[in-house]
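Listed in order, the protein sequences are those of chains A and B. Going by my numbering, the first sequence opens with residue 1, and the numbers climb by one from there. Going by my numbering, the second sequence opens with residue 1, and the numbers climb by one from there.
Source of the hints: derived by calculation from the structure; they are not laboratory data. All figures in this text were calculated on a predicted structure; none of them were measured in a lab. Using N, Cα and C, we set each Cβ at its ideal position, and we do this for glycine too.
Residues from chain A shown here face chain B by an in silico Cβ test under 7 angstroms; the list is partial: (1) E163; (2) I171; (3) G196.
Letter by letter, the chains look like this.
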Amino acid sequence: MNDEAELGLRDRLAQLSGVKLLRGTRLSTELQRLERQLARLREDTSDEEIWRRVDLARHEKRPYTLDYVERLLDDWFELHGDRGRMDDRAIVAGLGRLDGRTVAVIGHQTGRDLKERAIRNFGMANPEGYRKAIRTMQLADRHGFPVITFVNTPGAHPGIAAEQHGQGGAIARSQAAMLRLGVPTVAAVIGEGGSGGAIAIAVADRVLMQENAIYSVISPEGCASILWKDAAQAKKAASAFKPDAAHCLELGVIDGIVPEPEGGAHANPDAAAVLLRESIVAHLEDLEASSPDELRRARRAKFRSMGVLAHV
Amino acid sequence: MSTTPGHIDVSIEHKRADPAKSGGDGGRGHPNTCPTCDSHYRDDELAETLRVCGQCGHHFPVRAPERIAQLADPGSFDEEDADLRSADPLDFFDLKPYRERLVEAEMKTDLGDAILTGRASIDDHPCRIAAMDFSFMGGSMGSVVGERFARACERSAEDGGVVVSVSASGGARMQEGILALMQLPKTVAAVGDLQDGGGTLLSVLAHPTTGGVTASFASLGDVILAEPGALISFAGPRVVAQTTREKLPDDFGRAESNYKFGHVDAVVPRSELRATLARLLRLFGASQ
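Generate coordinates for the entire structure from the input sequences, incorporating the hints supplied.
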């Protein structure tokens with residue numbers, strides 16, 4: 001692997017990407033050629049690297065939402081329930097103080113031991129969890145509190161009751177609610193950003209990913225079992241759809257990568273929390289200069305422009 | 001998994017996957033044979049009954065062009081954004097390259113992607129129609145589906161108009177990776193702009209509407225209609241059965257179950273769909 005060659009390509013690509021308008025613009029053949037070259041370089045070298053990040057993202061000691069809440073926030077007060085049916089423990093929501101301002105926090109929560117994992121349903125939310133998220137967002141909007149979300153879920157819970165109670169609609173409405181907010185919003189993918197269950201609370205002004213987090217449309221195992229007909233091909237699937245932070249940044253899906261301490265966030269949760277805090281606060285300060293209308297418009301425009309198109 | 005290569009691109013599997021939908025799925029029943037009662041029809045017979053079984057009322061899948069012909073006034077449909085294609089941002093390769101799958105799908109279906117959008121009128125009420133086609137890679141939603149739908153909403157938002165969407169989709173298109181997931185907030189944002197601008201989304205859910213499409217625009221209609229028997233769910237029956245290890249109710253995820261639980265406003269037989277949409281267009285004030 002020639003590092004210099006890759007750096008050179010990345011540089012060219014970044015320059016070209018700057019003028020690339022995703023919406024309705026023809027991809028230049030030059031850009032396509034460079035992207036393909038870069039993809040080749042990556043294929044040769046980084047499949048193992050991608051899978052190492054999948055493993056780290058799912059590490060059983062990796063800090064969860066509440067681990068960061070206790071390290072980042074003062075005066076934490078947790079909110080419970082969707083005001084309709086129940087309190088979904090797979091999503092936590094609450095208020096706290098971050099650097100002198102009140103913020104609302106929403107995040108997926110997984111348990112440390114088997115018992116808590118069962119209570120938290122392994123971080124897989126039901127519709128009630130997304131409805132708790134929606135009411136928390138709306139509360140924050142009324143009071144002008146910025147919204148911070150921590151994303152870490154294998155996906156929304158696939159269950160009979162979940163479907164009967166409107167899982168798809170709840171995820172859709174959570175996104176719609178988030179796109180309507182007039183307060184600054186920052187989402188941080190802190191582990192596994194799995195599909196619809198993740199995007200439901202990740203439609204933010206700034207979307208950050210920790211260095212060893214992953215973000216994907218389907219789990220590597222799910223993708224492998226459908227496309228390769230063999231869940232054991234998960235590694236192959238992961239290197240094909242590239243859920244790592246560097247690729248997400250390159251595709252314009254996230255706005256920044258938050259570094260982790262040596263060995264991964266679980267190796268030193270305090271240091272990981274400091275790094276996360278710095279990044280979140282910097283983005284919040286940047287966003288706080290904008291009016292509610294500007295925030296809303298820019299957020300919608302950002303997500304509206306996502307995708308890559310060609311023309312015939 | 002018992003799907004064929006032409007059928008594997010959906011992220012959600014179906015308990016009662018219709019062989020008719022997969023086209024060329026030899027050995028699993030003729031596309032004109034009713035999977036419920038085994039009645040067999042000629043093409044012209046099915047076309048005449050709007051592809052509904054005359055014996056048992058089973059709703060056969062409808063391709064996007066035929067759907068538009070069933071709903072729109074004759075000659076009123078004017079396609080938009082026909083030139084958009086996927087650019088394969090990931091250089092995706094599973095058992096074969098995504099680019100090859102796209103070319104095959106286009107040749108098989110004569111469509112540029114899994115949705116057809118454009119201006120039309122229904123009973124003289126102007127609107128835009130966005131009709132999905134399950135036979136194009138399982139109706140999966142990637143950048144082009146998201147973009148065509150979003151543009152239909154934007155154009156309609158300008159004049160406070162109505163978008164009629166007819167969804168039939170297995171979910172997000174895996175071959176576009178995380179960008180496929182981003183089509184969820186993209187279409188949700190587009191519906192938000194449409195509705196904030198006084199426009200209307202009438203969402204028709206056809207079999208199957210699952211995964212990312214259920215978790216985005218299809219669930220955000222001002223009014224949501226469903227076709228009888230259509231599977232409408234976020235997770236497919238197979239995934240739910242595997243995860244919960246429980247026996248699923250017979251009507252799991254079906255239109256009628258969704259109606260019972262309050263997720264759709266009405267289950268409308270195909271023979272009444274055009275008239276129902278016309279009535280809604282009148283109610284929402286889209287007159288010329």
